[in-house]
Amino acid sequence: MTNYLLKRIAMMVPLLLGITLITFTVIHLAPGEPVDMQMAMNPKVGKEARERLTKFYGLDKPLHEQYFNWVGKLVRLDLGRSFSSDNRPVLDKIKERLPVTVSLNIIALVLEFGLAIPIGVMAAVHRDRWQDKGLTVFVFIGFAVPTFWLALLLMYFFGVKLNWLPISGLHTLGYEGYSWLKQMADLSVHLILPITVASFGSLAGVSRYMRSAMLGVIDQDFITTARAKGLSERVVIWKHAMRNALLPLITLAGFSIPGLIGGSVIFETIFAIPGMGQLFYQGVMSRDYPVVMGILVIGAGLTLIGNLIADISYALADPRIRQQ
Amino acid sequence: MLFKTGFIYAVFWPRLKRNRLALTGLLVIFFLFAISLFAPLIAPYNPNEINAWHVLSPPSGSHWFGTDELGRDVFSRVLYGARISLKVGFVAIGIAVLLGSAVGLVAGYYGGWIDTILMRGVDIMLCFPAFFLILAIITFLEPSIWYIMAVIGLTGWMGVARLVRAEVLAIREMDYIMAARCIGCSNQRIILRHIMPNALSPVLVAATLGVAGAILTESALSFLGIGVQPPTPSWGNILTSGKDYIEFAWWLSLFPGLAILVTVLAYNILGEGIRDALDPRTVK
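Same order as they appear, the protein sequences are chains A and B.
The opening position of the first sequence corresponds to residue 375 in the numbering used here, with each subsequent residue numbered one higher.
The opening position of the second sequence corresponds to residue 9 in the numbering used here, with each subsequent residue numbered one higher.
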């Protein structure tokens, strides 16, 4: 197990290097230099000041040297300073926002798998009956609904028409005065719509995956054995079969992380949630180089970590891998 | 196999034809292409005609889908929006398929360090949340529909590359490839004439499903104000006003969203149908 873990972590190093290389290339292939963007905001800056800025950012050095400087700073967790008027370190800005996005996505992921697993099992058990056909229809529609449109519809029905749920932000105005319990209740009510939207996106896909994984298991000999020794159908399906069908889902959870993080741009923007997706969107709109670069690297890094966790969980769950 | 007309007439088309659902998808797609081609003839109004007297009026006999905040006819704008979506879907996936197939063919055929480097590149690209990467690149470009198509294509080829590589690895070992090598075919000829046509069937499925994904991505970008720029109508940017006026005008949100839903659904259904028709295991 330790060996497997070490090997797995060593494999991440070239990937991390590749991530930094691609991020750097994307930003530097772009026409116009960061200095131009700062100049554009302040036309009074003269030629001399421009040269000073260029030197300050190290843009007068050759590209490979710039890259190594940047990576060197990255290793020390220095992502530079934001171009926006507050001029704060990018890392601080991301640090405030990261917990919001990560916890939202974790809740969404748990909800998504919590619903998708029983749905998929039901569909597989009742193959070709109405439960299964219902799932197929749901899957096709789930794949085709644009998440931001779903968000709009939900906002309209539950926010505007019925006025049941708040449609933006994480808190009611003046929530600081509430008791702890009321604050939590306030937060949960604000989270209902965003989390529904965030988890709906891949719910259909995961259910379908669970269905086919379950179908693959259900015909195997050990299931027949379990039935033959007189176990109840419930134990056979939900214990013997489901446990084995769950294994590939662990990997799927790892793979769905980039989609979730990418999707957070959309729902955080729509619901005005102060997370990393919103910060990224604001960075993109104001052409805030360091923020965009920083989030790009951190987003990819999160994916790597997610995949690592998925692989480790897989090894822990499956003795065949653990003992290799 | 796939592109020999004999296969299409004898196996592929009859099978696809039997699948009513897939056929419906195909018809809807034809219908959408017809609509976008004949939009100027069908649309009751000029999609950019501003009418200050009919601002945000609900659906009625004269404005089927209502009007937007500038009094423009939403029905006409949705019709014209079909042009953008269909074009984006095709061009973006065209780029992704070309690039992905090239990488997959080369990696799978040559193997060794070429394979290692190319596939590690695929792994690295897959680490980035695709939507982040697209946004980051588009930030630094002038907003234009061509850039958007290119960027969606350039960030979406990795799946195709993996599929093609896997096919090539299997085909490479077959006897007829050995035979081709024995009669002195060049590598280039073996790849292009003998391997590629046989490795393409899973790509056809991936491409059809990919078109649906590209349409969703473009609409999300336009919705966020980074994609197709107004006044050019696209389904995504009509929904932007839908969000701004959600409290007064539900029709601005409902109709363009339905258009996206139907289009994406049609491509997905067709893609699944093609998958079944190409799969030798689903013979009924």
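No lab work stands behind these hints, which were simulated from the structure alone.
As the structure is a prediction and not an experimental result, all values here were calculated from the model.
Ideal Cβ placement from N, Cα and C applies to all residues, glycine included.
Worth double-checking, as some hints may not be accurate.
[As the list claims (entries may be wrong)] Computed Cβ-Cβ distance ranges for the label pairs, DEER-style:
| hint | chain 1 | residue 1 | chain 2 | residue 2 | range |
| --- | --- | --- | --- | --- | --- |
| 1 | B | TYR184 | A | HIS402 | 20 to 28 Å |
| 2 | B | TRP72 | A | THR399 | 43 to 51 Å |
| 3 | A | GLU550 | B | GLY129 | 43 to 51 Å |
| 4 | A | GLU422 | B | TYR118 | 51 to 59 Å |
| 5 | A | ASP506 | B | VAL270 | 18 to 26 Å |
| 6 | B | ALA18 | A | ALA602 | 54 to 62 Å |
So, going through the hints one by one against the coordinates:
Between B:TYR184 and A:HIS402 the Cβ separation comes to about 46 Å, which falls outside the hinted range of 20 to 28 Å. A C-beta distance of roughly 48 Å is found between B:TRP72 and A:THR399, which places it inside the suggested range of 43 to 51 Å. For the hinted restraint 43 to 51 Å between A:GLU550 and B:GLY129, the CB-CB distance of approximately 49 Å keeps it satisfied. For A:GLU422 and B:TYR118, the Cβ-Cβ distance of about 54 Å falls inside the hinted range of 51 to 59 Å, so the restraint holds.
Between A:ASP506 and B:VAL270 the C-beta distance comes to about 24 Å, which sits within the given range of 18 to 26 Å. Separation of B:ALA18 from A:ALA602 is about 45 Å and departs from the stated range, judged on CB atoms against 54 to 62 Å.
Hints 1, 6, counting from the list given before, are not met by this structure.
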